[in-house]
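Student: What follows is the residue order along each chain.
There are 2 protein chains.
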Amino acid sequence: MRTRLICLAISAALLALSAYGQTLAPREVPAKSIPVPSTVSPQMQAIIAQPLRTNWDKPPTTPEGWKQLADSIAATVAPQIPAMSERMDVKIEPSTLNGVRIYTITPNNIPAANKNRLAIHVHGGCYVLNPREAALPEAIFMAGFAHMKVISVDYRMPPEAYYPGALDDAMTVYKAQIKSLNAKNIAVFGSSAGGALTLEMMLRAKQENLPMPGAIAPGTPMSDVTKKGDTFLTNAMLDNVLVSQDGFCDAATMFYANGHDLKDPMLSPVYGDVRGFPPTILTSGTRDLLLSNTVRMHRALRQVGTVASLQVFEGQSHAQFYRDDRIPEVKEAFGEIAAFFDQHLGK
Amino acid sequence: MRTRLICLAISAALLALSAYGQTLAPREVPAKSIPVPSTVSPQMQAIIAQPLRTNWDKPPTTPEGWKQLADSIAATVAPQIPAMSERMDVKIEPSTLNGVRIYTITPNNIPAANKNRLAIHVHGGCYVLNPREAALPEAIFMAGFAHMKVISVDYRMPPEAYYPGALDDAMTVYKAQIKSLNAKNIAVFGSSAGGALTLEMMLRAKQENLPMPGAIAPGTPMSDVTKKGDTFLTNAMLDNVLVSQDGFCDAATMFYANGHDLKDPMLSPVYGDVRGFPPTILTSGTRDLLLSNTVRMHRALRQVGTVASLQVFEGQSHAQFYRDDRIPEVKEAFGEIAAFFDQHLGK
Chain E
1 MRTRLICLAI
11 SAALLALSAY
21 GQTLAPREVP
31 AKSIPVPSTV
41 SPQMQAIIAQ
51 PLRTNWDKPP
61 TTPEGWKQLA
71 DSIAATVAPQ
81 IPAMSERMDV
91 KIEPSTLNGV
101 RIYTITPNNI
111 PAANKNRLAI
121 HVHGGCYVLN
131 PREAALPEAI
141 FMAGFAHMKV
151 ISVDYRMPPE
161 AYYPGALDDA
171 MTVYKAQIKS
181 LNAKNIAVFG
191 SSAGGALTLE
201 MMLRAKQENL
211 PMPGAIAPGT
221 PMSDVTKKGD
231 TFLTNAMLDN
241 VLVSQDGFCD
251 AATMFYANGH
261 DLKDPMLSPV
271 YGDVRGFPPT
281 ILTSGTRDLL
291 LSNTVRMHRA
301 LRQVGTVASL
311 QVFEGQSHAQ
321 FYRDDRIPEV
331 KEAFGEIAAF
341 FDQHLGK
Chain L
1 MRTRLICLAI
11 SAALLALSAY
21 GQTLAPREVP
31 AKSIPVPSTV
41 SPQMQAIIAQ
51 PLRTNWDKPP
61 TTPEGWKQLA
71 DSIAATVAPQ
81 IPAMSERMDV
91 KIEPSTLNGV
101 RIYTITPNNI
111 PAANKNRLAI
121 HVHGGCYVLN
131 PREAALPEAI
141 FMAGFAHMKV
151 ISVDYRMPPE
161 AYYPGALDDA
171 MTVYKAQIKS
181 LNAKNIAVFG
191 SSAGGALTLE
201 MMLRAKQENL
211 PMPGAIAPGT
221 PMSDVTKKGD
231 TFLTNAMLDN
241 VLVSQDGFCD
251 AATMFYANGH
261 DLKDPMLSPV
271 YGDVRGFPPT
281 ILTSGTRDLL
291 LSNTVRMHRA
301 LRQVGTVASL
311 QVFEGQSHAQ
321 FYRDDRIPEV
331 KEAFGEIAAF
341 FDQHLGK
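Protein chains in written order, with the working numbering: chain E, 1 to 347; chain L, 1 to 347.
No lab work stands behind these hints: they were computed from the structure. Since this is a predicted model, take the numbers as computed values, not measurements. Hints may be right or wrong, so weigh each one.
Copies of the same chain look alike in the list, so a pair counts if it works inside one copy or between any two.
Simulated pairs of lysine-lysine, DSS-like, Cα-Cα distance not exceeding 25 Å [as the list claims (entries may be wrong)]: (1) 331 with 228; (2) 175 with 206; (3) 263 with 227; (4) 184 with 32; (5) 228 with 32; (6) 58 with 115; (7) 175 with 32; (8) 206 with 91; (9) 263 with 184; (10) 115 with 91; (11) 175 with 91; (12) 206 with 115; (13) 206 with 263.
Assemble the whole structure, with the sequences as input and the hints as a guide.
Tutor: In structure tokens, the structure reads:
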């Protein structure tokens, strides 16, 4: 087997050499002016038309600077939460669970089929941003659109705690829940760093011989933080959220990793052994800097036979599929995830 | 209902206006030099490294010119067919069926489950290219990887026949087959123009009250030939096969359309009523000029509840997923389509 692999590697190397000499030529793509596509809703057009994120290439350089940025984002989001909760018809309670800060989001009306189901939410924000209420929009949308109780983990972030603090906190919540609920009745979801954390939780659950949840929904996961993936470059300066792999998100991840090997599957789950993962639905957009991270993760799951569904939305940049519950494409994305959960979760 | 739709349209228009004035700003993307990704096989790296297609922006301008181009491509492909057939362990027989030229590709070993199954292949080539043997590689790979009999339709193309000649020929073959075989045992597949023809066949079958096949696999379909779709621009000059929406493929489609309205769902099936379509698997790549055409079609199918699966391959340009049967990603793509057919076709 090993000999065969070596032969394959040698012949592949020869193929590349013989066809193209020592190096493969890059593609030279000229500058472009790209209009907002007419093939999405007017509301999504307005999102796509927004300029590149302010200060995308000027990340904080001190722990205090990161904390200030996180706090200022949270201060912007917090006032929006009451109206959002009212539109989605849910109520929100903060508490702690075995020392971990959580928010419980409960729909005012839960259909019978979802009475014994729960979705655990791990928020995004490059492992450093979106503390407290800033984490909640995605969780509220899931509770509202899927009509299911959601627990959102307000995990510790730098400078309070570094790798693997976020993962530890998420696992604490998962372990507490599977004591009272069949794991098959639980979904885990989150986007960006939350998508990576969702996948990392599955790897950790395997290590600890815990049962798998019934389904997971990693949205545009940061499945590879080693700067590998074609759309890091092809969608650079096109994605108006992350903008570039050399921007704030990479800096934040380094801050969280705190010197830990970025290739460790607990930071780059695309390199993990994903055999035995539960049914998975992945979401991305054609302008998403992490489109490659998403489709590579989809392929990795399919290569081992996991039930894995991919949805890619026209023209959207990173994580815009949960930008605003009033946008048709957002309802559509959550509708798909809700249907996937309904299909695969136990009752 | 109508009033509600008008109100929605008005409020959407107001949203766009109030937020961004009269026009939405385009995204200005600087020139880039994009290396061949390391995240695909060495064989696929060699394909991705190929320069832009020769003469992509110099299409023929006369019927004779198109015929010469088509013939020269066919002359290049034809000598490769015997070795391809041997590798895939299939035999090929040309014939005619009710006046339509076809090739029947039969695996030398057909498993019991596939004895009464058939896949009908409608080839790509912008409705003008890939006559005769040039159409066969995708059909041979399907027969070989799915272990299923395939009939490839060598439909008439301009200047022999214009719209809807290709569709008429494909329907003639489909109608002949459903006389002797349960439609549910039949798959229909093809890529690019062949992907569009696959979808157009379903629309035509609905018009004629014919039964739907068991499953279809439109690969990177030309589902919108009106130049709408974000990746027509975002992936321009990056996709080394189609290169640009202003290239040879657009010119060829105009030649086939022969003045017919390009927005007709029989040329742009993304605008068709796709209710009742059979289970569908769509395939594209992150550099594909038709990635938007593919994901928009996927969304259109999902919006009406059709079972529809999407696979998107890292770094690939248009239709490179069937470039060569010896490439790991090609085996993977056909493995997925074969599994999808096996899951959904009758026996």
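Student: If a hint holds in the structure, say so; if it does not, say that too.
Tutor: Status of each hint after checking the structure:
no., hint, result
1, 331 with 228, "between (31 Å within a copy, 23 Å between copies)"
2, 175 with 206, "within (13 Å within a copy, 51 Å between copies)"
3, 263 with 227, "within (10 Å within a copy, 41 Å between copies)"
4, 184 with 32, "neither (48 Å within a copy, 46 Å between copies)"
5, 228 with 32, "both (24 Å within a copy, 17 Å between copies)"
6, 58 with 115, "neither (46 Å within a copy, 63 Å between copies)"
7, 175 with 32, "neither (50 Å within a copy, 47 Å between copies)"
8, 206 with 91, "neither (33 Å within a copy, 47 Å between copies)"
9, 263 with 184, "neither (30 Å within a copy, 46 Å between copies)"
10, 115 with 91, "within (16 Å within a copy, 57 Å between copies)"
11, 175 with 91, "within (24 Å within a copy, 57 Å between copies)"
12, 206 with 115, "neither (27 Å within a copy, 41 Å between copies)"
13, 206 with 263, "within (19 Å within a copy, 51 Å between copies)"
Comparing the model with each earlier hint shows violations of hints 4, 6, 7, 8, 9 and 12; every other hint is respected.
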